[in-house]
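K.L.:
Residue numbers (our numbering), protein chains in the order written: chain B, 1 to 438; chain H, 1 to 438.
Hints in this document: simulated from the structure, not taken from any laboratory.
Hints are not guaranteed to be accurate.
Just some of the chain B residues that point at chain H, by a computed CB distance under 10 angstroms [said to hold, decoys possible]:
id : residue
1  : Ala181
2  : Asp184
3  : Pro210
4  : Thr213
5  : Val231
6  : Arg305
7  : Asp355
8  : Gly356
9  : Gly398
10 : His416
Note that the Cβ used here is the ideal one computed from N, Cα and C, for glycine as well.
Single-letter residue listing:
Number of protein chains: 2
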Amino acid sequence: MAWLDQTGVQWSTDPQVLAEKRLDRSGWEPDGSPAAVVFPRTVADVQAVLKGAQETRTKIVARGAGTALTGATAAGDGVLVLDLSGLNRILDVRPADGVAVVEPGVITANLDRAAAAHGLRYAPDPASLELSTIGGNIATNAGGLRCAKYGVTRDAVLGLDVVLAGGERISTGRATLKGVAGYDLTGLFVGSEGTLGVIVGATLRLRPLPEPTATIAAYYPDVETAAAASVALAEARIQPVLAELLDQATLDAIDPGLRATGSALLIVQTDGGPDEAAHAAEVLAKGATLVQSAGDPAELLKARRQALPSIEKLGRPLIEDIAVPRSRLAEAVRRIGVIAARHDVPICTLAHAGDGNLHPIIVAGAHGEPIPDAATRAADEIFALALELGGTVTGEHGVGVLKRAWLAKEIGPLAHDLQRQIKAVFDPLGILNPGKAI
Amino acid sequence: MAWLDQTGVQWSTDPQVLAEKRLDRSGWEPDGSPAAVVFPRTVADVQAVLKGAQETRTKIVARGAGTALTGATAAGDGVLVLDLSGLNRILDVRPADGVAVVEPGVITANLDRAAAAHGLRYAPDPASLELSTIGGNIATNAGGLRCAKYGVTRDAVLGLDVVLAGGERISTGRATLKGVAGYDLTGLFVGSEGTLGVIVGATLRLRPLPEPTATIAAYYPDVETAAAASVALAEARIQPVLAELLDQATLDAIDPGLRATGSALLIVQTDGGPDEAAHAAEVLAKGATLVQSAGDPAELLKARRQALPSIEKLGRPLIEDIAVPRSRLAEAVRRIGVIAARHDVPICTLAHAGDGNLHPIIVAGAHGEPIPDAATRAADEIFALALELGGTVTGEHGVGVLKRAWLAKEIGPLAHDLQRQIKAVFDPLGILNPGKAI
Ligand SMILES: Cc1cc2nc3c(=O)[nH]c(=O)nc-3n(C[C@H](O)[C@H](O)[C@H](O)COP(=O)(O)OP(=O)(O)OC[C@H]3O[C@@H](n4cnc5c(N)ncnc54)[C@H](O)[C@@H]3O)c2cc1C
Ligand SMILES: Cc1cc2nc3c(=O)[nH]c(=O)nc-3n(C[C@H](O)[C@H](O)[C@H](O)COP(=O)(O)OP(=O)(O)OC[C@H]3O[C@@H](n4cnc5c(N)ncnc54)[C@H](O)[C@@H]3O)c2cc1C
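Full structure from sequences and hints, please.
P.N.:
Right, dumping it as structure tokens:
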């Protein structure tokens, strides 16, 4: 990587630095270790690195915070890690236009806080928002809790600045709230997991901060009744900001005593004012064993927040991420339970009920031990179930390396081939995050 | 076109049929007349036609209702028009999932009515909704009045069935509300103006019907004050369903007597309940010469509805369609006035103020007469103005033939070249709507 010296950009081959930038949060391990990590500070730095990479046929993995759950950010033998965390300026917040202009390394929550100072907010809120970067959110099209009402990352991205594989810079989309000039290149980069270009700037839509939310926690005797309650909300024209479903295995992991209260919990927040909140409480009461709506939202959300830490106490969590049509939610949860029993692996399921996105968390043996085959087989059956129910193998985390085989099954050979040809248009030499996503 | 007989699909070369399917609503005239019009009734019909077209190198223009305002649907010499209006079934409305599955020829308003029967609605509402088809809306990424709050067509499209140039069929996207498997081919087809493939089916998101709307009409002494009022709404965290701005030239066209009341009119609808409506009325009152909020919404919207018919009485309307950052709205309206004066052509400007999308309507001489050069020059200056203000040359109508030169200026040569390469991936022989969009 001596050519990096000519770019003038800071870089490192320190083994500790390499080790820090080798993995993402999926636990997936690539062969070998990256060759170097480079720390650009400006867009020109990124251009210089990509130009050199193209000339030297060096493979590049763009990296934000490395919180991906799919292996998308993993960097193995000979790869150059392009660490974008140093491009972290919020360049502009324009309340009158409802937009912000940022560099890719900005931490998601920091942008939201900067917007809040103007009575606005950046709506997409992946649970990783205090760690993850906007660039990583865009490259994975991250979802979040409030996306049931306010949309996923795609819905917040108006325009992008991208450095292409050869080092050229393009702008896509626009700075306006609407626009239809030409093919939607912006949409193509969103969710492309670093395989089409490096995002070096983004113009994002901000939304007015809504009224403070009202929070309701409702327990049900079974997951069918809980799922029916979440559909009933939509039928009552209530659009919850979030609607989180916790199944019995999850409740057991948090506190076995909760079994007395119910075997499925639905936590709902609304921000349409007191009338909507009262209406939601009324709808959720149907079939419920307990409805709590007074008190502190933090208190009511506690179970949701405790879920992952509690499950982690049981063993190594594999966080899966399927989505099904909303009407199949209960069936999906039930059948994941059957899969868990058949393979004798604990699976705790959390779901963003409003949009049919489930996170079955497979407890795959003890921490640090190899993943048992039964866990892998259970995961495969969960993916097959998602497709059988008319759903998708990834609702928000993306494909990375872990779901490549399933992507082909989901989209079919023709669409897959088109995606490969699009990849070849943007990255003919295949240097950008090779082996990922498609 | 004798090969069409082998497809078994009904087709016609009747001169009257050809004349009916030759133009869209832009007034732009291609050279010559299409060779034939074919009327598929099934997806298999579309596949057979495209297969034959590929083999015979026949150029295809997909056609919904032909309401495009850009020349996108115009079909000249030797072209085969693929009329999709016969594929007009609403296949499924699934309230629990919040989705509908439709064929492309469904009239936009018919889908909205079918959804309303379930307490839902199809949000995108182009002013052409009683005529336009869902396929045409998707192929142009149509906007509408309520998209300020509820999004454009892109935001409502979850998945597509598409017949490719060679007759193969693919599915893109999904039937779930969320999903990130692979590159966003759905987004690529949305807005592609029939140049990448033929849309033969769509899975669309439906939303709960909101509360009945409250309507407020506010007159202002000048466009700056009116635009400031619309920004003040956002700053007060109010998200209007629609916010339509009419400038002085438009008010004059409707009724010169309105000058006494004000020289800019802002019509706002909210659907967040009575408190939000009262708050909106209060915000809009600032600087207003008259605020009407009681009474019938139809009455208050009358001026907006009368605008186009009134302008048409002045002569042939060229409906332009730029978008600028919301904070530049007043400046854009003002400077369009200066352009009108300089070229001595009347220009009436209507704007979707909530998202900075302006429709300057140039009165281009008498109906049926050739378009005067001054009108063309004025249009070019309006496009240049849009780019100067950080905007786009098309907010919602698309590129078609009329804005091709401007597209290249807006997106730059590199992005333009990538778009051409994407076109070549999908349509290597260039038979799909050649010469349009990119
Ligand atoms: C505790 C936890 C909770 C999570 N919760 C959610 C959740 O609620 N919803 C959700 O969707 N995800 C969630 N995730 C997954 C992950 O946080 C998101 O995918 C996040 O968007 C990744 O951001 P990052 O900055 O860490 O990206 P990274 O992991 O660094 O990168 C992710 C991918 O994007 C590419 N990339 C990064 N930056 C750029 C760039 N500037 N240009 C081009 N490509 C780039 C990388 O190459 C890689 O392919 C969670 C993860 C954790 C660990
Ligand atoms: C009075 C009036 C008001 C309007 N108001 C608005 C408005 O508020 N907002 C707005 O955005 N537009 C508006 N328009 C423009 C126009 O109505 C929209 O662009 C509409 O979406 C076009 O639909 P259509 O079915 O008529 O499409 P067509 O004109 O038939 O086709 C438009 C384009 O889509 C392609 N196409 C059509 N069907 C398919 C298919 N199934 N597969 C692939 N390609 C296809 C065509 O080849 C063409 O390129 C208005 C037009 C009129 C005349």
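K.L.:
Each of the hints needs a verdict: does it hold here or not?
P.N.:
Hints and how they fare:
no. : hint   : result
1   : Ala181 : 5 angstroms, holds
2   : Asp184 : 5 angstroms, holds
3   : Pro210 : 7 angstroms, holds
4   : Thr213 : 14 angstroms, violated
5   : Val231 : 5 angstroms, holds
6   : Arg305 : 21 angstroms, violated
7   : Asp355 : 4 angstroms, holds
8   : Gly356 : 5 angstroms, holds
9   : Gly398 : 5 angstroms, holds
10  : His416 : 7 angstroms, holds
Consistency with the previously given hints fails for numbers 4 and 6, ordered from lowest to highest.
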